[in-house]
Amino acid sequence: MSVQVTEAEWKIMECLWDHAPQTMGEITATLEPTTGWTRQTVITLLKRMTEKGAVSMDDSARAKKYVPLITREEASAEETHKFLNHVFKGKASLLVNHLVDSGDLSEDDLREILNIMRKEKK
Amino acid sequence: MRSATIFNFLIEANIMASIAILLMIPLRKLLRKQMGNTAICFGWLLIALRLLIPLTLPNPLIHEIRPAYLDDTAIRPIAGQIKVRLVDAIGDLGRVFWQAGNRQAYSDMQKVAVGVDYNGHPAVLAWIWLGGCVLILLWFIYKNVKFRKTLRNNRIEEISGELKDLYLQLCKERKVKPVSVYFTDPVPGACLVGVFKPYIVLPLITAPQDVKNVLTHEVCHLKNKDHLWGVLRLFCCAIHWFNPLVWIAASMSRTDSELRCDDRVTGPMNESERKEYANVLVLAAARKSMPGLGVMATGMTMTGKRLKNRLLTVLADRQTKRWLTISFAVLASLCLIAAFCTSEWGQSIRQSVSFAESEAVHLVPEHQDRQMPEDLREWEKELWTLAGYDYEEMAPYRSTAALQQWEDAGTLTRVFYDHDGINRYCTFAEDGTLLELQDVDVPWLSGDLLDNRKYSRDERARQEISDRLIAFLDTVNPGMSQTIDHMEIDWESAQDGEIWMQVNGIPKDQEQGEAISFVVRIEPDWQIQYFACISNG
Chain A
1 MSVQVTEAEW
11 KIMECLWDHA
21 PQTMGEITAT
31 LEPTTGWTRQ
41 TVITLLKRMT
51 EKGAVSMDDS
61 ARAKKYVPLI
71 TREEASAEET
81 HKFLNHVFKG
91 KASLLVNHLV
101 DSGDLSEDDL
111 REILNIMRKE
121 KK
Chain B
1 MRSATIFNFL
11 IEANIMASIA
21 ILLMIPLRKL
31 LRKQMGNTAI
41 CFGWLLIALR
51 LLIPLTLPNP
61 LIHEIRPAYL
71 DDTAIRPIAG
81 QIKVRLVDAI
91 GDLGRVFWQA
101 GNRQAYSDMQ
111 KVAVGVDYNG
121 HPAVLAWIWL
131 GGCVLILLWF
141 IYKNVKFRKT
151 LRNNRIEEIS
161 GELKDLYLQL
171 CKERKVKPVS
181 VYFTDPVPGA
191 CLVGVFKPYI
201 VLPLITAPQD
211 VKNVLTHEVC
221 HLKNKDHLWG
231 VLRLFCCAIH
241 WFNPLVWIAA
251 SMSRTDSELR
261 CDDRVTGPMN
271 ESERKEYANV
281 LVLAAARKSM
291 PGLGVMATGM
301 TMTGKRLKNR
311 LLTVLADRQT
321 KRWLTISFAV
331 LASLCLIAAF
341 CTSEWGQSIR
351 QSVSFAESEA
361 VHLVPEHQDR
371 QMPEDLREWE
381 KELWTLAGYD
391 YEEMAPYRST
401 AALQQWEDAG
411 TLTRVFYDHD
421 GINRYCTFAE
431 DGTLLELQDV
441 DVPWLSGDLL
451 DNRKYSRDER
461 ARQEISDRLI
471 AFLDTVNPGM
481 SQTIDHMEID
491 WESAQDGEIW
501 MQVNGIPKDQ
511 EQGEAISFVV
521 RIEPDWQIQY
531 FACISNG
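Top line first, the protein sequences correspond to chains A and B.
Residues 1 to 122, numbered by our numbering, are exactly what the first sequence covers, in order.
Residues 1 to 537, numbered by our numbering, are exactly what the second sequence covers, in order.
If you are wondering where the hints come from, they were derived from the structure by calculation, not from laboratory data.
Among the hints, a few may not be true.
Stated by the list, open to error - Once the Cα atoms are required to be at most 27 Å apart in a straight line, the calculated DSS-like pairs of lysine-lysine come out as: (1) K177(B) to K11(A); (2) K11(A) to K164(B); (3) K223(B) to K275(B); (4) K197(B) to K177(B).
What the hints assert, rightly or not - Pairwise CB distance ranges (calculated): (5) W127(B) to T34(A): 58 to 66 Å; (6) L135(B) to D108(A): 52 to 60 Å; (7) Q40(A) to L52(B): 42 to 50 Å.
Small disclaimer: the values here were computed from a predicted structure and weren't measured.
The beta carbon of each residue, even a glycine, is placed where N, CA and C say it ideally should be.
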């Protein structure tokens with residue numbers, strides 16, 4: 001079952017993907033400088049994420065610790081799928097075409113994409 | 001409320017407002033810079049007032065456009081023109097069908113024309129209009145309840161600490177009474193939500209450096225009372241749901257409210273602050289679109305060409321021409337007053353009519369010396385019963401209008417009867433004699449003419465019909481009865497087990513031509529569906 005993660009929750013997931021498990025205080029300390037979120041904000045978000053199965057809480061220690069239940073790849077795949085459907089009507093070719101046309105892809109990027117496609121073809 | 005009252009209001013409001021909307025569209029495009037967004041929003045407000053207030057002021061000139069042939073004086077001149085032209089157009093279309101040999105379509109068109117003319121169909125249309133209003137309102141309610149519920153579920157917390165202090169400071173600077181502000185995630189963008197107890201929704205992902213600009217924008221919405229403008233738009237769209245221009249105007253006025261808000265936000269800002277604010281707008285646009293038109297919330301985001309124009313407006317050094325703004329406001333206000341002047345002045349109605357509703361029926365205008373029968377209701381009951389109708393069932397609503405189209409016969413009075421959307425009417429002479437009776441539901445028009453006539457060939461049946469019609473005539477118009485030599489069946493038609501016939505009264509003085517004409521339903525039961533004294537016409 002896929003878990004939908006909002007933009008704000010994604011920031012917490014990024015934090016936990018970089019390093020897990022983490023306590024609520026640690027997460028707040030990491031995010032506060034860039035987002036301005038208070039401890040209460042992080043508590044509310046973590047509670048919601050626990051309920052939807054994006055993270056789990058380990059309350060065996062005195063300070064509760066959180067670990068991600070979905071990997072970055074799983075979440076990325078879900079987001080990419082949503083993005084493709086929303087912006088490019090589900091067509092990956094349109095996305096690649098757009099990236100090539102806009103000049104956002106370097107030669108290395110293009111070479112890597114071709115390698116991936118060759119592997120997939122075999 | 002009569003359907004005529006609704007008809008007057010909707011026709012007049014939509015014609016006036018549509019003209020104003022069509023003027024506003026180029027005006028806002030060409031003169032926005034010179035007049036400013038406040039003046040444009042003021043224009044939209046005046047249009048909304050015309051659409052929503054069922055007010056009518058007397059106008060000495062409006063009488064000139066009243067159609068000459070308009071029985072129902074409850075229909076005011078502008079609506080009357082629409083009604084008469086609509087009936088004419090339907091009639092013309094019917095004649096096209098007739099010429100093409102399509103008798104059924106001709107008959108259907110006739111029914112529609114008669115129905116529109118004598119209020120049968122306007123009553124049905126009034127119900128359709130009301131149904132549309134209710135559906136649109138229910139849709140709006142559904143959208144708002146759903147939107148509010150989503151926001152409530154996604155609410156994280158109320159702002160606090162330094163951010164709250166910043167917000168209170170902004171409210172103080174802008175002289176606005178603070179409302180609650182909630183961090184919410186996910187949400188398409190910052191917005192001011194609600195009508196009676198508004199609150200601000202702030203996306204949790206708003207970057208700390210952008211918060212001040214976003215909050216200022218919403219505080220300015222509050223200052224402009226844009227949450228109340230949303231209600232006006234909603235009611236305009238719900239009541240005038242059939243007019244696409246009203247929907248277009250609602251959408252445009254929403255955009256203009258945003259631009260007016262930007263004006264207020266950037267008014268005290270310097271150039272670099274404006275650039276910063278423009279960046280916030282671009283970032284907001286990159287996320288998602290604003291809430292739909294039916295949702296009671298302001299939205300900060302715009303996309304595409306509208307965003308480009310918005311940014312240009314924000315960054316531009318605006319110099320509105322004060323004289324132009326004031327001239328527009330004064331002129332538009334005068335136009336609004338003129339747009340309400342749709343009713344006739346005093347007693348100058350051409351038909352010199354006493355128009356009455358409900359039980360207050362006065363068939364005889366005061367200046368007349370001859371009198372109607374004393375007990376009008378008993379008289380009406382008698383003639384309708386003789387014609388084969390149940391009078392008690394068919395008089396929930398009545399109205400009268402004196403006529404002048406038969407000038408030789410003096411001032412005539414026509415009484416309408418509405419029962420279940422089917423209209424009937426009688427036309428009386430000044431002394432109360434019946435000149436005309438018609439059931440405007442005319443199934444006989446679509447009946448098949450019978451080659452092998454059932455009643456015309458049966459002398460006894462013919463005599464019975466003749467005697468019965470003469471007896472009817474003796475009662476309702478004794479004078480006319482004396483002039484009739486004999487009755488002649490013109491045609492017989494049938495459909496779905498019903499048989500009708502037209503019977504003409506041949507006068508003793510043949511030079512007069514056909515003096516009277518009846519259409520009678522013979523089967524399954526006796527009913528006079530049409531009666532007219534032609535010599536009076």
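Do the hints match the structure? See the list:
no. : hint                           : verdict
1   : K177(B) to K11(A)              : 34 Å, violated
2   : K11(A) to K164(B)              : 23 Å, holds
3   : K223(B) to K275(B)             : 23 Å, holds
4   : K197(B) to K177(B)             : 12 Å, holds
5   : W127(B) to T34(A): 58 to 66 Å  : 59 Å, holds
6   : L135(B) to D108(A): 52 to 60 Å : 58 Å, holds
7   : Q40(A) to L52(B): 42 to 50 Å   : 44 Å, holds
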